[in-house]
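> One letter stands for each residue in the lines below.
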Amino acid sequence: NAGVTQTPKFQVLKTGQSMTLQCAQDMNHNSMYWYRQDPGMGLRLIYYSASEGTTDKGEVPNGYNVSRLNKREFSLRLESAAPSQTSVYFCASSITGTGGRQPQHFGDGTRLSIL
Amino acid sequence: QKEVEQNSGPLSVPEGAIASLNCTYSDRGSQSFFWYRQYSGKSPELIMSIYSNGDKEDGRFTAQLNKASQYVSLLIRDSQPSDSATYLCASNQAGTALIFGKGTTLSVSS
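Residue numbers (our numbering), protein chains in the order written: chain A, 171 to 285; chain B, 508 to 617.
Pulled out of the complex, with its shape left as it was, chain A reads as follows:
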């Protein structure tokens, strides 16, 4: 049982390059999320998808785009990477979305460095 799978695990980009982070879950969850985690800042929500076909902005959406490709997959795209986007990115999923009692389950993360 893989749970939430993120690819790649590590990536180094140059400023201005573009990149898509991939996330897939095999738990038949309806909701999926992208977070970034920086030292001292905790987990900050970038975008989320409460259900297939919907996406909403989180706390820090600038510089990112997302696609909910199907129920299993939710990708995060950096169109023009900036050093401020150096971070650890986590994808998560939950059975239901907002306000529910269902916790989120996290992938292993992608460690992204922008030079």
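Just so you know, the hints here were simulated from the structure itself, not pulled from any lab data. Heads up, a few of these hints could be off.
With a straight-line Cα cutoff of 30 Å, these simulated DSSO-like cross-link-like pairs (lysine-lysine) come out [unchecked claim]:
1) 563/B to 509/B
2) 179/A to 563/B
3) 241/A to 227/A
4) 574/B to 184/A
5) 563/B to 574/B
6) 563/B to 227/A
7) 609/B to 574/B
8) 241/A to 574/B
9) 609/B to 184/A
10) 184/A to 549/B
11) 549/B to 241/A
12) 184/A to 509/B
13) 609/B to 563/B
14) 609/B to 509/B
15) 179/A to 574/B
16) 609/B to 549/B
17) 509/B to 574/B
18) 574/B to 227/A
19) 227/A to 179/A
Got chain A; can you put chain B on it based on the hints?
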């Protein structure tokens, strides 16, 4: 802005002691609360959830919720060096995704 607040620590306790981790939240509409453990370099792992006022016990862990005071806590009994990690408190508020605190770092010395 809806917030979840935690003392960043570090909280240092000797092996075998009780570790007490605290969390406050700003939105009275919050309905569900979760504690995650995150080891250095790893992803957050769910350890407890609580929805009603009072205590909920699971092994060495006890979560406590007081909605009137907007306060959530996690007690770890018989703390072990393997409990050394960052503990994240999160609340599930109507109309939003989980809101996370910045985490409290726990260090258990042997």
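> Please go over all the hints and tell whether each is borne out by the structure.
Now for the hints, and whether the structure bears them out:
1. 563/B to 509/B: 25 Å, holds
2. 179/A to 563/B: Cα-Cα ~36 Å, so violated.
3. 241/A to 227/A: 18 Å, holds
4. 574/B to 184/A: Roughly 47 Å between the alpha carbons, so the hint for residue 574/B and residue 184/A is violated.
5. 563/B to 574/B: With Cα atoms ~14 Å apart, residue 563/B and residue 574/B stay inside 30 Å; holds.
6. 563/B to 227/A: 33 Å, violated
7. 609/B to 574/B: 20 Å, holds
8. 241/A to 574/B: 35 Å, violated
9. 609/B to 184/A: The given pair, whose Cα atoms are some 29 Å apart, holds under the 30 Å limit.
10. 184/A to 549/B: 25 Å, holds
11. 549/B to 241/A: 25 Å, holds
12. 184/A to 509/B: Violated, at about 35 Å.
13. 609/B to 563/B: 23 Å, holds
14. 609/B to 509/B: It holds: about 14 Å lies between the C-alpha atoms, which stays within 30 Å.
15. 179/A to 574/B: Distance of about 39 Å is beyond 30 Å: violated.
16. 609/B to 549/B: Holds, at roughly 15 Å.
17. 509/B to 574/B: 15 Å, holds
18. 574/B to 227/A: Given pair residue 574/B, residue 227/A holds - Cα atoms ~28 Å apart, limit 30 Å.
19. 227/A to 179/A: Satisfied, since the Cα-Cα distance of roughly 24 Å is no more than 30 Å.
Hint check: violations occur at hints 2, 4, 6, 8, 12, 15; the rest are consistent with the structure.
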